[in-house]
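Each chain, letter by letter, is given below.
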Amino acid sequence: MDDLVLQTITRILMPFIQVYGIFVIVNGHLSPGGGFAGGTILGASVILYALTFNVGAAEDLYPDDLAEAVESSSVLIFVLVGLFAILMGANFLTNIGIFPSPETGTLFTGGFVTPLTLAIGVKVASTVITLFTHLFGEKKP
Amino acid sequence: MTEIFHVMVLTFLIICAIAVAYIRDLLSAVILFAAYSLMMAVIWQQLDAPDIAMAEAAIGAGVTTLLFVVTISKTRRQE
Amino acid sequence: MNDPTVHIPVIVICTSLIGAFLAPVLGKYRPALVGLMARLIAPVNALLLVILLRYVDAGETFHYYMGGWAPPWGIALSVDYLAIYVALIIHLVSAVILLYAKDDLFGEVRGDLHRWYYTLFLLLVAAMTALAFSHDFFNIFVFTEIATIAACALIAIKPKKECIEASFKYLILSTVGSGFILLALALIYMVTGHFNLTLVAQNMGAAAEAYPLNIMVSLALLIVGFGVKSALFPLHVWLPDAHSSAPSPSSAVLSGLVVKIYAVVLIRIILTVFGGEVLAAAPIADMILIIASVAIIAGSLFALAQTDIKLLLAFSTVAQVGYIYMGISLLSETGTMGGLVHIFNHALMKTLLFLAAGAIIHQTGLRKISDLDGIAKRMPITMAVFSVGALSMVGIPGFNGFISKMYLATGAFDAGKPVFILVILMSSLLNGLYYLPIVVRAFLGTNAEEGKFAKDELPLSMTFPLVILGLACIYFGLLPGSLLELVRKAAHYLIAV
Amino acid sequence: MLDAELVKYLPVAAVLLPLVACIPLWAIEQRSAQIRDWFAISINAISLGLIVAMYPTIARGGTIFLEFPQLLPPFGISFKVDVVGFSFALIAAFVWLLCTIYSKSYMEYEPACNRYYPFLLLCLSGCLGVFLTGDLFSLFLFFELMSLASYVLVVHNQTKEALAVGYRYLMLTLVASLSLLFAIIITFEVTGSTSLVSGNYFPAASGLASITFFAFLAGFGMKMGIVPFHIWLPEAHPVAPAGASALLSGIMLKTGAYGLLRVIYQVFGMETVSGAGWQTMLLVMAGITILFGSALAIAQRGLKKRLAYSSIAQMGYILMGMALFNENGLTGDVYHVFTHALIKSTLFLCAGAIISATGKHTVDEIKGIGYRMPVTMTCFTIAALAMIGIPPLNGFVSKVFLSVGALDAGQSAYAVILVISSLMNGIYYLPIVISAFLGGEGEAIGPIKRRFGLEMAPSMMVPIVILSVAIFATGLMPEGFALQLSKAAAQLLLSS
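Chains as they are written, first to last, in numbering that gives the first Met the number 0: chain A, 0 to 140; chain B, 0 to 78; chain C, 0 to 496; chain D, 0 to 495.
For the record, the hints were derived by calculation from the structure and aren't laboratory data.
Remember, predicted model here, so these are calculated numbers, not experimental data.
Beta carbons: idealized from backbone N, C-alpha and C, even for Gly.
Heads up, none of these hints are tricks.
Cβ-to-Cβ under 7 angstroms is the rule here; a few derived chain C residues that face chain D:
1. Ile395
2. Pro396
3. Ala408
4. Thr409
5. Phe412
6. Ile420
7. Leu424
8. Ser427
9. Leu428
10. Leu435
11. Leu443
12. Gly480
In silico lysine to aspartate or glutamate, EDC-like type, Cα no more than 20 angstroms apart, as pairs:
13. Lys159/D x Glu109/D
14. Lys416/C x Glu332/C
15. Lys27/C x Glu70/A
16. Lys27/C x Glu67/A
17. Lys416/C x Glu188/D
This is chain A alone, in the form it adopts within the complex (with noise of 0.2 angstroms):
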């Protein structure tokens, strides 16, 4: 779709986009939204893109390497986090009294709820970006 208008707009759209989907991503724990409701707005803005430009374009801006890394390290964070809670002699995934929650009011207040929500979010984020390149691109599994 070589539209100048298009491609144009989506230039201008997508870091309002991107910066949208982090939004609420990061404030998940305290406005509605959280990792996967900003992941997919994340990922819908390099759909966007692929759409506009072609589909190598997007394979481009996010390889599938990099997808590979970053889906396994996410799950592999959460899991971490949770273990971590072990460590400090607590249950699986206990916030309260290992992660440093600041005072009230402020944005990080949610102890490791927001690691937990952007490794969900970057996660889901791949995830509809690979859906949509391998679907759209048919390339080989």
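For this one, chain A is given, so just place chains B, C and D on it according to the hints.
For chains B, C and D alone, kept in the frame of chain A given last:
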């Protein structure tokens, strides 16, 4: 007022759902499905579940529709 | 809570999960290490579970709360003998299967997919373990889904048309099953307001009084949903294709472990959550008993008609799942023990048979039973081990299959239903009808082309797991004391409610 | 005199030695056939020796008992030897040893000897296990071992016919063992244990009891070959190699008889059995078996097949003896186990010798064989005469006891059946003997394969001769060893 709104949205939701099942043109079905998802998102929001609404809007109306469209473009448009 | 052993259930799930997601990255740069890691994780976990077993107090079920949140808010794992028993089976058997997979995979799966194979395998193991420990309906649903999808992918990973087809069939049917389960969970949540099994069980009495239809419908939906996944007889249609076309290690894990986990979950839900009152209100146990009997006979009869060795084994699984359901729905202690012990015994036997069949296919490419005349001349160890499995299946005393059959039979008598002894004996006979000819043919049959089979044994990495399984079959056939002790405790937990 | 503690382990050793010896045997036979043969023979001999070593304890009227409850819970494995089990085990090990010696030369011209000997030992282990165990479950365990191992002996020649017959044998064995298992489980549930001691009776006749009894009857009857369950027997025995046929017919059939004896006398008890009318049924079955087996034996042309049908008739005798419920009948019964084991194995071994020397299988083809193989035919004649019941030989003694037992029990009809059957025995054995010696000089047979200048190898001839001498000896000494054991066994069973 909200009552009427709820009834309207739900009616539209049901119409969409039935239409998706009946329509022969797959692309139209997908678009109707997206409309269905949007309605659903509105309903979630009305049920005080804004985060579900958000996810439904992003995934149901956005990504899923796209994936369906891609699939149709790879295969046939008619059932 | 300072005792570090309480974390073992979570750690066991997490290590498998970590392994699963380390595999693709690691496999990219150090392909040799992936298999090694996978082969290490399962035995280490099994060891951890054994340690856990020593610390679990008898009779007392203890719950592990995720994040320290107690049930109405948090997610709970239940650590009881049943869960540990099942988890132990999962890890021990998958350890053996992974050992075998090392060389077998090269023949069946494309090289660049090996790392993904290990990912899926470990994911499946993690999901099954989590299912064994889950004490929360929603977690059960989530891990059911993970296990289903991983299992489907394990079938489809072999680049063959029939694998894709079988996997697709499996996927569609299990998704329908999942839908049923989800609906059942919604209904249960609607009337009880909880997902935690203990809390649901507490509210079950009142809910059953107020909304009897709701409870019955959800029970029916659960039976159908998990019935599809565990291949309870009329819902087994996906199983033969899926299990026979998959790569041999996948067939082994699917037949040996996966179907049984769903059966255990279903039985745990029915017996401990719905409990006596609901069971008394409707003849659920009798119904399952009859379905299981039909499964046993029909599965065996179908198996009798097969000419492909892996299809035969797959149909035999349908019958053997029937044993498990039958034993537990007898609702007597010995019967339940029989059902539970058959989970272990069948896991050993069927894994052994599938791996042996896989070894034959790996080495010769022969799948038809009629082609196997005299194969024992070529692969004596494999066929000797296969014979152990086959004799065990038939229920020859001295092999482990006999123990479960004996407990099932005494359980049927204890429950005052001696008719079912006949079903068990009948199916033993049918097992004999379709297993023994294979053994006889392999050892005594003469092939038209004499000398076609030169001695051509497997590599050690494939022979070793087979021999271990064969020896285990004999060991647990002669000295099942410790196993039965564990099973008795697990059965107490189920029956006590 | 052995230490009492040591004696306790004799039965275990006798049973497990052949089982364990299979592993070294398997290793040995990869290297040398000669050592393999001698190894198998010496294992057999040691087993026999171990059984003989139990004699002093048994002769004092004692029992040997040892149990392993941790094996195979909830039943456990136990070994218990009383005079009944001892008698059966003794004759079994004795005949087994002779047949193994016989096989040494006989099997030289047969294929796959490396399979033959281990399974022969496995069978011996199972067979001795049946006789020396102390509870129904262990009995079942060894019964199963024996049945499965004997399958391999039956199909030894791997011909199409043997495989087809073997398949039927295997399936019927499976049916038999499953019905036994069924019966044993019910017995366990009803009486609380499966041990074979007096007084541990099944409660009086009920629907469940009769189902159990018939399941036992089907299971053991299948092995014995009594009439409705005999279908596998006349096919399976002739196709096996001669040494194995002799054991199948001579010894392994007796395991069924042994089991049935235990079931009738120690599981159900005489009152229950006669009260429920099963005694009459058993007697009728026995009568039918005797007449049917003899009648069909007459019709057979194949030598081994005729012998196999004759076995069916003889098992009818044994079934009849145990159903008479009096001392004379039971003594005759146990004595007939000795008699038939000796006679039938002699006959089968002789038949094997004839077949291997001449290649002739049917009765008509061996006219005048007596001139070519005088020793064989003499032994055959002795055994045949013993089978018919000619006075100085042991077959006469058992028939006398059985007839007296039948008369004691007031069942004179069965005494008549015995006489008729002896007549029929004469009809099918005597022509063989007569034509062998008087039917010319064996021109039709052609030259026979001679070994070492003899009509057969010495290691084949010696067992046959020993067996014939034993037939004579047990018959000539009416108050001899075998009869004493039989009497003691009968008394023990009746008192339980």
